[in-house]
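Peer 1: Chains as they are written, first to last, in our numbering: chain A, 1 to 309; chain B, 1 to 225; chain C, 1 to 394.
Heads up, none of these hints are tricks.
In silico DSS-like cross-links for lysine-lysine, where the CA-CA straight-line distance does not exceed 30 Å:
| hint | chain 1 | residue 1 | chain 2 | residue 2 |
| --- | --- | --- | --- | --- |
| 1 | B | 64 | B | 187 |
| 2 | A | 84 | C | 149 |
| 3 | A | 73 | A | 158 |
| 4 | A | 97 | C | 176 |
| 5 | A | 73 | C | 176 |
In short, the hints are calculated from the structure, not lab data.
Listed here are the chains, written in short residue letters.
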Amino acid sequence: MKLSFTFLVVLPGLVALISCDSSKDGSPRAIASANPVIQTVNYPLAYFAERIAGDNAEIIFAAPADGDPAFWKPSDDELSAFQKADLIILNGATYAKWTTTASLPSGRTVDTSAGFADKFISVTEATTHTHGDGEAHAHAGTAFTTWLDFSLAKQQAKAIADALSERLPDRAETFQKNFTTLAVDLDSLDADMMALAKKISDQPLFASHPVYQYWSRAYGLNVDAVHWEPETVPDTGALNELIKKSVTHDGIWMIWEGEPAAESIEKLQQRNIGSVVFDPCGNRPEDGSDWLATMRKNLANLETLTSGQ
Amino acid sequence: MRLRNLDFHYPGQRFGLRVPELSTDDGETLAIIGPSGCGKTTLLRLIAGILVPSSGEISVADQKLTELDERQRRAFRIANIGMIFQDFELLDYLSARDNILLPYRVTSALTLDDRARDRCASLAEATGVTHLLDQRPTDLSQGERQRLALCRALVTEPKLILADEPTGNLDPENQRRAVELLCDTAKKRNATLIMVTHDPSVLDAFDRHIALPDLVEYTQKGNAA
Amino acid sequence: MNFAGAFHLGLCYLRRHRGKTVLLIAAISLSLILPFAVAHTVRLAEQHLRSRADSTPLVFGAVGSELELVFNSLYFTKPDINSVTASEAETLSAEGMSRIIPIHARFSARGFPVIGTSLDYFDFRQLTFSSGDAFIRLGDCVLGAKVAKELGLGPGDHLITTPDALFDMAGTFPLKMRITGVLAAVGGPDDNAVFADTRTSWVVAGLAHGHQDAASTDADQKLGESDDGSIALNAAVVEYNEVTPDNIDSFHFHGDSADFPLTAAIVLPHDSRAETLLMGRFTGNEPSAQLLRPRSVMDDLFDTVFRIRDLVLLALGAVALAAATIAILVFALSNRLRTREFQNLENLGADPSTVRFLVSFEATFVILSSLAITAMVVAILQLTSPLWLSTFSA
Numbered sequence: 001m002k003l004s005f006t007f008l009v010v011l012p013g014l015v016a017l018i019s020c021d022s023s024k025d026g027s028p029r030a031i032a033s034a035n036p037v038i039q040t041v042n043y044p045l046a047y048f049a050e051r052i053a054g055d056n057a058e059i060i061f062a063a064p065a066d067g068d069p070a071f072w073k074p075s076d077d078e079l080s081a082f083q084k085a086d087l088i089i090l091n092g093a094t095y096a097k098w099t100t101t102a103s104l105p106s107g108r109t110v111d112t113s114a115g116f117a118d119k120f121i122s123v124t125e126a127t128t129h130t131h132g133d134g135e136a137h138a139h140a141g142t143a144f145t146t147w148l149d150f151s152l153a154k155q156q157a158k159a160i161a162d163a164l165s166e167r168l169p170d171r172a173e174t175f176q177k178n179f180t181t182l183a184v185d186l187d188s189l190d191a192d193m194m195a196l197a198k199k200i201s202d203q204p205l206f207a208s209h210p211v212y213q214y215w216s217r218a219y220g221l222n223v224d225a226v227h228w229e230p231e232t233v234p235d236t237g238a239l240n241e242l243i244k245k246s247v248t249h250d251g252i253w254m255i256w257e258g259e260p261a262a263e264s265i266e267k268l269q270q271r272n273i274g275s276v277v278f279d280p281c282g283n284r285p286e287d288g289s290d291w292l293a294t295m296r297k298n299l300a301n302l303e304t305l306t307s308g309q
Numbered sequence: 001m002r003l004r005n006l007d008f009h010y011p012g013q014r015f016g017l018r019v020p021e022l023s024t025d026d027g028e029t030l031a032i033i034g035p036s037g038c039g040k041t042t043l044l045r046l047i048a049g050i051l052v053p054s055s056g057e058i059s060v061a062d063q064k065l066t067e068l069d070e071r072q073r074r075a076f077r078i079a080n081i082g083m084i085f086q087d088f089e090l091l092d093y094l095s096a097r098d099n100i101l102l103p104y105r106v107t108s109a110l111t112l113d114d115r116a117r118d119r120c121a122s123l124a125e126a127t128g129v130t131h132l133l134d135q136r137p138t139d140l141s142q143g144e145r146q147r148l149a150l151c152r153a154l155v156t157e158p159k160l161i162l163a164d165e166p167t168g169n170l171d172p173e174n175q176r177r178a179v180e181l182l183c184d185t186a187k188k189r190n191a192t193l194i195m196v197t198h199d200p201s202v203l204d205a206f207d208r209h210i211a212l213p214d215l216v217e218y219t220q221k222g223n224a225a
Numbered sequence: 001m002n003f004a005g006a007f008h009l010g011l012c013y014l015r016r017h018r019g020k021t022v023l024l025i026a027a028i029s030l031s032l033i034l035p036f037a038v039a040h041t042v043r044l045a046e047q048h049l050r051s052r053a054d055s056t057p058l059v060f061g062a063v064g065s066e067l068e069l070v071f072n073s074l075y076f077t078k079p080d081i082n083s084v085t086a087s088e089a090e091t092l093s094a095e096g097m098s099r100i101i102p103i104h105a106r107f108s109a110r111g112f113p114v115i116g117t118s119l120d121y122f123d124f125r126q127l128t129f130s131s132g133d134a135f136i137r138l139g140d141c142v143l144g145a146k147v148a149k150e151l152g153l154g155p156g157d158h159l160i161t162t163p164d165a166l167f168d169m170a171g172t173f174p175l176k177m178r179i180t181g182v183l184a185a186v187g188g189p190d191d192n193a194v195f196a197d198t199r200t201s202w203v204v205a206g207l208a209h210g211h212q213d214a215a216s217t218d219a220d221q222k223l224g225e226s227d228d229g230s231i232a233l234n235a236a237v238v239e240y241n242e243v244t245p246d247n248i249d250s251f252h253f254h255g256d257s258a259d260f261p262l263t264a265a266i267v268l269p270h271d272s273r274a275e276t277l278l279m280g281r282f283t284g285n286e287p288s289a290q291l292l293r294p295r296s297v298m299d300d301l302f303d304t305v306f307r308i309r310d311l312v313l314l315a316l317g318a319v320a321l322a323a324a325t326i327a328i329l330v331f332a333l334s335n336r337l338r339t340r341e342f343q344n345l346e347n348l349g350a351d352p353s354t355v356r357f358l359v360s361f362e363a364t365f366v367i368l369s370s371l372a373i374t375a376m377v378v379a380i381l382q383l384t385s386p387l388w389l390s391t392f393s394a
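Chain A on its own, in the form it takes in the complex (with noise of 0.2 Å):
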């Protein structure tokens, strides 16, 4: 009998799947901690976020004050606080290599950059390479400092507000306040820039690192980059790079990440060529102040330029 013999074979079957387990609905989204802890992968992000949620969350930025935490790796018992958090703050833009290769609960995960993935700005300098026969691929990078392009940022900021307020419904009123003043300090931020931009934007500039790209497309400026670190002073290799990049762009300003050394700021001098600090500020500002004070510090700077040299 063809059942009876289908049967003998689904009902072992049926028996080795036996499973226990409670029912549960289908949105556990709601964070039930009062004081629920909030990861973040660089200061602006926890800049934001402490803006944002107030006295409502803890909000842990982890990386270490004297690194970029765009290279940081944490250790295993630091991610295994980011996999513990109520909600974890990705910056996206393929921030932080090692969210990449972590293991975060995409359930309290925000990529506050998913928003605008399309603007994201590729980086073709990876060497490109094969196995054996199979297709030739790179290592193609994006761009990550989205949030020195200010409109991005405060969609960054939007991002975490709406987090905020869906995981903690119960004070989404105060979060969407809180994110409705930074986004006035940010707009401001954005207008400043783009006013003193217009000034500006017929200057070749050079950058010491890789990092204004979004800012550079944001306000229209024309930046060229080298890989410069501000405590270090350029030898003379690096001088003749930048000699060689002159050709093509004749820039007579170079924005430093940090406050450079002195004897990097006459050496460029003596080529005609000013220095003027725009702080990305990717980690927690050294002098106790804040990224907004930091950006407006960026923006006063940079007034420099408009006078000349």
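On the provided structure of chain A, position chains B and C as indicated by the hints.
Peer 2: Just chains B and C now, kept in the frame of chain A:
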């Protein structure tokens, strides 16, 4: 044992038998002989109270069986009459000991106590089967089986032993020995023994013997004498 | 009636015919136990299967057998079903109507399925850790309770995945996974599975790998370097079969990870409206994928199972009837053979009730014993079923 003016018909049958008079003394051994089908077994069953006569009187040990009802007759029979059947009818799923004590297991009229067990042991000893008590009847010889049947008939210390051709299947020598054992044991226990047989060669061992046709009248229904 | 005496005789009779008695008791017990066991097992299986299906609102996967999709996503069996891409699954959560938990249940390690999923799976199934913690990064895994027990492994140990095929040149290399935790036993498929990040399962699938940096490779391992900076590497380049803190940055995915496969995705709609809307998307004429309610699939499965069960019970009923008939014949025959024994007992002067007791003793004893054994076995079955079911599910 005494019976008088006994009339009996098997239900639905025309022919019956009538026993005008038969009595025995205590400790007497009596053989009733007759050809097959002459009513020997019927007579024994009447004496045992298994069959009930339509008229007449049967007394065993001063008890008139004809005055007892069915239940009383059974209780009386199992306590006072020892039965030895054709082929002994031992139960092959019981040990020899349990076969001897069988009457105590099938009625509430008797109690299986130490005295009964002692009697079982002494009977076994007297008949030479002590060493066989734990064996099953199927493992025993005819002679040994007969001894067991005798022990079973005597274990309740009956006043009367009824034996229905117990030697039918034995060879002449064994028949003689078996009958001698029956008569000896009955005498020693002061029990009356009535045995029916169709074999005249064993009659010498008995105090008395009667040919059944001399004892009974055969009757026909509607033509009773 | 002499009850003790009659009982003694009855027992002696049964002891003498113990072969027949045992056979009869066994046959009757079996014909009583079997239908119960079948019904009980089906009921248990249904209960357990349904509880997991009921707690899983929707399952998304490639078009094909609904049952195989449910079994792949809920019980991690049927690894050979078609895949959907990660982005197809993501679209279900894109509009904020639902949350999805990816399932990539295609590979195994030492006989246990390796489930590529996200950390949300543990939250969703309310799984807790008896030791260690969740997988932290690429190449980590978490063991179900039974896997850890059977393999004698725990946090800090390693588990190597079983390659798809021994001579698979295409790239499903055995991956040495670091064990970060062991789940507390819950009784079910989760105890028998190895959990890893979806991306780890893609590494196992050969869709991602880590190797020496192309630029720093020895010259004899380079097949050529083209003008655009592209370097062709030969097969001698060291591929890592273990993800370590030192080499983790060299792991990279070939192609867009959005196109990478999942065997299924558990879909958690935010509300019933979202569920209805999502279901509506897959009711077209030729949908490329399917979205299922595991509960309905189980309903269909059990409709079939119940039909078959009823047939089996019917067949077992017929067998039981035959067994009963044979038993009755045996009793009748045995009593007929004992007619003379009973007659002699009556002649001896036995109580009629004692004789009647003896006549019915065999049948009564056999039937009562069978019922007692059945009751005992049934009780044992019911008490121990969670135990043997979980043993079977290994």
